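K.L.:
Each chain is listed here by its residues.
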Amino acid sequence: MKINVLGVATTEFGELWKRSPRDLAREAMEKALRDADKSAKQIDAIFVGNMLADILGNQANIGSFFGEELGINVPAFHLEGACASGGLALNAGINSILAGQYKTVMVLGVEKMTDCQQDEIVSGLMAAGSDEERLAGATFPGIYALMAKEYLEKYAISEELLAAVSVKNHYHGSFNPNAQFKRLITVEDVMKSAKIADPLKLLDCSPVSDGAAAVVISSEEKNIEIVASEVATDTLALADRSSFTSLDAVVRAAQKAYKKAGITPKEIDVAEIHDCFSIAEVMAVEDLGFAKRGQGARDIAEGKMTLFKGKVITNPSGGLKACGHPVGATGIKQIVEIVEQLRGTAGKRQVANAKVGLTHNVGGSGTVAVIHILKNNL
Amino acid sequence: MITTPVKLWRRQKKVAALIGQTGVLWQWTIIRIPPKVFVQEAPYPVAIIKLDNGKKLIGQLVDWQDEDLVKGRKVIAVLRKLFPEDAESIIAYTIKFKPL
Chain A
0 MKINVLGVAT TEFGELWKRS PRDLAREAME KALRDADKSA KQIDAIFVGN
50 MLADILGNQA NIGSFFGEEL GINVPAFHLE GACASGGLAL NAGINSILAG
100 QYKTVMVLGV EKMTDCQQDE IVSGLMAAGS DEERLAGATF PGIYALMAKE
150 YLEKYAISEE LLAAVSVKNH YHGSFNPNAQ FKRLITVEDV MKSAKIADPL
200 KLLDCSPVSD GAAAVVISSE EKNIEIVASE VATDTLALAD RSSFTSLDAV
250 VRAAQKAYKK AGITPKEIDV AEIHDCFSIA EVMAVEDLGF AKRGQGARDI
300 AEGKMTLFKG KVITNPSGGL KACGHPVGAT GIKQIVEIVE QLRGTAGKRQ
350 VANAKVGLTH NVGGSGTVAV IHILKNNL
Chain L
0 MITTPVKLWR RQKKVAALIG QTGVLWQWTI IRIPPKVFVQ EAPYPVAIIK
50 LDNGKKLIGQ LVDWQDEDLV KGRKVIAVLR KLFPEDAESI IAYTIKFKPL
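Listed in order, the protein sequences are those of chains A and L.
First residue of the first sequence: 0, per numbering that gives the first Met the number 0; consecutive thereafter.
First residue of the second sequence: 0, per numbering that gives the first Met the number 0; consecutive thereafter.
Since the hints were made in silico from the structure, they are not lab data.
Please note that a few of the clues may not be correct.
Unchecked claim - Per label pair, the in silico range of CB-to-CB distance: (1) 234/A with 79/L: 24 to 30 Å; (2) 117/A with 79/L: 21 to 27 Å; (3) 16/L with 74/A: 43 to 49 Å; (4) 97/L with 352/A: 45 to 51 Å.
Claimed, not checked - Chain L stretches covered by chain A per the calculated footprint, using a threshold of three residues with CB under 8 Å from any CB of chain A: (5) 23-35; (6) 43-52; (7) 56-70.
Said to hold, decoys possible - The following residues of chain A were derived to be distant from chain L, with all beta-carbon distances above 10 Å: (8) 67; (9) 93; (10) 157; (11) 160; (12) 191; (13) 224; (14) 254; (15) 288; (16) 291; (17) 302; (18) 346; (19) 351.
Predicted model only: the values in this text are computed from it and were never measured.
C-beta: ideal position from N, C-alpha, C; glycine also.
Use the sequences and the hints to build the structure in full.
P.N.:
Here's what the structure looks like:
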């Protein structure tokens, strides 16, 4: 059985204080239904990716909560895997169709973060870490800073070279009307921005965002096919892992996905990468096989992954850094971007002749990784 | 964060076993934007410590100077207050690492 994407949509991402989570979810799902040329009655089940509704919003039971917004009472499920909640929801939706249970399902990713104060959000996100990490006063920027420091020392990479990731992603975001940040930045801007957790600075970090994204998938024939959907997990605590410069869950999920799709990394034209921090994209392009070990930052700085000149374009949407990172929505927004790229409807940020795309969605400090590979079969 | 007395009690056994263990500073960062309960303490260093038995642990450094922030610096696990007192009058303790 083939899994095909019938419709996709995202809301704009950003500090959307006038919008409620329900409102964002409704907009994304209604637009995705229109794009799929389907009515709500044709949806057999809903899968929701969300991390923080219960922690920050005191609202659990959110499968049914967001299902209400479609005006239908169908089986509804909530998947949570920190920042990979969206990817996990899609994986579960795909598996439910493959199991023969449903024909057409709605997968929603949604997050409302900016209603809360910064320290509450930092604490809320730490729910994805280990008890020891919370007791140490660690934060996710701090945990990725430990990886960044280890990486920079191991491969003799400068902080300026690392900054090239954010510069590229802001450049890409400048072409995306839904991006939280559309302004260009320079390496100097990154270097001068406030330190968050040394060596990571404000502009090395993805922002706090609101937003929703939705996809309608089905066993019904359509030209965009999801040819692989793979998940791998690792320890919650970074300290329990052997490597700080590679995420083993990503390596394992990617290997399974490439095998399932019957392709090699060289065949990927465009990829949406989970650049929660600049170092995360550098490790990702190495873990996914787009760059050699220790070369990721240099390749990005040399433009090898930049729109209009690179070979494999990473984060044409602007990535988490520039497009924004409403955590539960991110994994679905990545799918929306890849589908638009494969359809050839990505506008000013269109990757020429994109036929095969990949999404890389990570939760925690590499505790869960979800890889999807999509193809245009036309 | 740890809040209930029962959870604290369960954890104390693990904490007690760590007191006095020595190791080295393996990697560190300075947290400048902290979670809610640590707002008063920022900025502070969070480190990965490699204990003499080879196990790696994450923990805060205490009683440190800038010159202590070097790889291989010898440290010892000490018992320190995690936060002074919460709404239920619970004082939580945890392991932190002090340069030797």
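K.L.:
Hint by hint, say whether it matches the structure.
P.N.:
A quick look at each hint next to the structure:
no.	hint	result
1	234/A with 79/L: 24 to 30 Å	holds (25 Å)
2	117/A with 79/L: 21 to 27 Å	holds (25 Å)
3	16/L with 74/A: 43 to 49 Å	holds (46 Å)
4	97/L with 352/A: 45 to 51 Å	violated (59 Å)
5	23-35	holds (count 10)
6	43-52	holds (count 3)
7	56-70	holds (count 4)
8	67	holds (32 Å)
9	93	holds (35 Å)
10	157	holds (17 Å)
11	160	holds (19 Å)
12	191	holds (15 Å)
13	224	holds (42 Å)
14	254	holds (26 Å)
15	288	holds (26 Å)
16	291	holds (23 Å)
17	302	holds (30 Å)
18	346	holds (35 Å)
19	351	holds (40 Å)
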